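Protein chains in written order, with my numbering: chain A, 79 to 422; chain B, 52 to 312; chain C, 3 to 280.
Hints were generated in silico from the structure; no laboratory data involved. Worth double-checking, as some hints may not be accurate.
[Claimed, not checked] If you want the footprint, here are the derived chain A segments under chain C, 3+ residues with CB under 8 angstroms:
#1 148-157
#2 160-169
#3 184-195
#4 327-334
#5 350-358
#6 384-398
Bear in mind that the values here come from a model prediction, so they are computed numbers and not experimental data. We put the beta carbon where it would ideally sit given N, CA and C, even for glycine.
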Amino acid sequence: MNYHILKKDELDGFIKKLAGKMKVCAPVAKGHNNFAFEEVTSAGGIALSYIPTILPPKKYFMPPREKLLDFDISEGKPKDTASLEAGETAIFGVHTCDLAGIQCLNMVFSERPRDYNYLLRKEKVFIIGLECGGYCDEHASCALVGNHYPNGGYDLFFTDLGDRFIIHVNTQKGEELVESFCLAKAASADMIALDKVREGKKAVFKNEIGVEPGKLPEIFAKGMEKKVWHDIGERCVSCGNCTNVCPTCYCFDMADTINLDMKTGFRTRTWDSCQFETFAAVAGGENFREERAHRQRHRLYRKFKYPLDKFYRAFCTGCGRCTRACMAKINLKDTLKALAAESK
Amino acid sequence: MKTENDPVTIAAKPKVAFFDFACCEGCQLQVANIGETLLDVLGAIDVVEFREVMSEKYDKDYDVVIIEGSITDHHAEERIKKIRARAKVLIAYGACAATGGVNGMKNSFDLDEIRKSVYGDDYKLFDSTPTRPLHQVVKVDYTINGCPIYPPELIEVLKCALRGLPYTVPDNPVCAECKLNENVCMYERGVACLGPWTKAGCNSWCVNNGNICYGCRGEVKNPAKNANDVIGKYNLKPELIKNKFDMYNKCKEADTNGNRK
Amino acid sequence: MTEEIKNSNWKLRKGQIIAAKQMTASEKWFDIKLEDGDLDHEPGQFVQVELYGIGEAPISVCSSPTKRGSFELTVRAAGRLTKYMHGLGKGDWVGIRGPFGKPFPVKLMTGNDLLFVAGGLGIAPLRSLINYVMYNRREFGKTDILLGCKTPADMLFGDEIAGWQKRLDVNFSCTIDRSAPDWKGNVGLITSLIPGVSIIPEKTFAVVVGPPIMYKFVIAELLKKGLPERQIILSLERHMKCGMGKCGHCQIDHPKNYYCCKDGPTFTYEEVKEAKKL
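Please work from the sequences and hints to get the whole structure.
Right, dumping it as structure tokens:
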């Protein structure tokens, strides 16, 4: 076990030093209890106590708009080059729910055929996690999916011990960084303090919906025709907020842009949403998911059913973003509770 | 890439003309805000009429006409029909042309009453009709929504027009783009915003700059059936949203009576 | 900071149209030669066709892999991209990704009787298999082909079909939805042809391709004949955007989480009968 210590008054120096090596992004306050991951150069602007950011850190792994190809059709035969636009980046202060989200995306994009844009960009991101001592707010359901404790997925992981952070070093890359920053090794008193924090969390985090997580696959297996989908479908405005803010939603669309010379251009991928009207429509006019109720149902099946079969884990991280961002007050915890109640 | 059966009949350097009807000409002014790309645009087209920047008149047919403004009297109706007859491609440019825009507020009142209040007792001397967006009068090939238009969208539509390709106006709510810009939701600030019902495509331009969405691009095709949940979440009244929508979307009723295109 | 991705799965193979022909008012046929060799597909697979600067569309390959040197597509002008593609002709270049998707289970079908049921444009993907079977005719048992079109003018591959009609080793029947003046054949929905085909259910594979609305009725007829569910093969339609089981567009509402582009587009009825829509 490799743990180091950073005194809180040394955090600013740590961030500045890190920013000298690469771009550093961290949660910053945007007002009205909203936060976003943005570039920082010192610890001053970082919101150490924050609720999940508007967009999850997936934006650094899979940008909302990303170039896949450049092409040139000025001569008869077209030419194209696949390119990656990415630089070395550190993300500081990633909560355990978002670490889980990144792990989910890693699984999806490493599946064959592999997505090298994602995989190569991922190699350039240095991840520093930050432990949560309590719930962000009433919308979080991290205990339901077991994401209130760290389960890997980071290079370094910070836990607040009052006047200092204890840092778990999880990778060689992380090791090299703390060595170069000459951070002290943790003492046994620090380890005891860490254990105490973890022990204390047991009393704070409780299953938020009163349904055994192990029962969810069965509830969903039998849940296709439940009324709850129609109830939330009636309210949904199809704005796609729930999927845009979801740390594990990765559906995308692709489009070509031609430059004004009409000879060169590029192909991009952009985030798409299964909640949009035409997401499952085909050119002939058929729409395979025309009803909002079916689109909402599809979204939750992609969190609690399909990935459990395929990747053995839920693709809900418990962050609560979909509930916070919903324009129509569709609440994930309430939806799960209603589904469970209907399935009794 | 194409060598035969080319459906694009537009010349290599197409003749493009700007015209305006009832409007503030603010959308034409946006051409100046295109920035660096403006030179590339001017390299790709040949502007033959643009009242705001040139006085020449052109007497041949146009490849593309870009029309700002709505049709609000009989004279305008005749004029737009003549322009249409001379144009291969017609682009409805900006909210007034595309949806009627703010001019549509006129349609909330009895026509004679509103004429009287504007022109006084001699109102009958002044020609006036209910406000109509272009597609309720002539065939429109491309629509650029917005008050004002979003300059990058003008460029995308122009490129489509030059290649003879259809342009699809995004039909998702503005929220879809606003969220990607990581704006703090206007409703979180306690302000009612029309983003959840308004067509995207503007990159949530207004909200990015601290304003609400006024619905200037028109309503999405299939808006949520009732606004109560959105509004209720923030203790606002549904009438507030309806009133806000009336500012830009009063001409919409005519579309449901079969007047589209 | 831009770097080239040499092994990107988004890279496009370059294909040149070596022949093209308008087949009906809305369908055009293209013969495409790849600069880097054969497509190396199997019957039932599809490709993504990139029209540079416009976008990509998934199109079924309608030629058999036994045809070397080039492959064929039949494109219906349904959307923005396919309409534009109708303007292309001999000599034009397109980008190609693929082939993608699970092919028809040709190996399982070997030694069995075959019943092909094609509705409308469904003949295009099915033709890749039919021509494969014709080429390897002795590997398969009795073969029936049933074809349904709206009108005689909508019939695709008319010349080739005339050839199938003449062959003694294939039974071919055709029906049109609405009667036409110069039409002497069957009139009615394709389902009306099925009762007339004699089959031995245990050793027959039915391959059904057509518009979504057709499946329900055709499958019901086939089940009535006693055909086992796993010997009814379908090719489902979805908007396959990435072709790699990632973009999410073609996912089928089914407990098994099928991606049409990767787990399909061909499925046995047994596999997809729980789908909310076929």
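Against the structure, the hints come out as follows:
1. 148-157: holds (count 5)
2. 160-169: Result for this restraint: holds, n = 6.
3. 184-195: holds (count 8)
4. 327-334: holds (count 7)
5. 350-358: Result for this restraint: holds, n = 4.
6. 384-398: This one holds; 3 residues, not fewer than the three required, reach chain C with a Cβ under 8 angstroms.
The structure meets every hint from the earlier list without exception.
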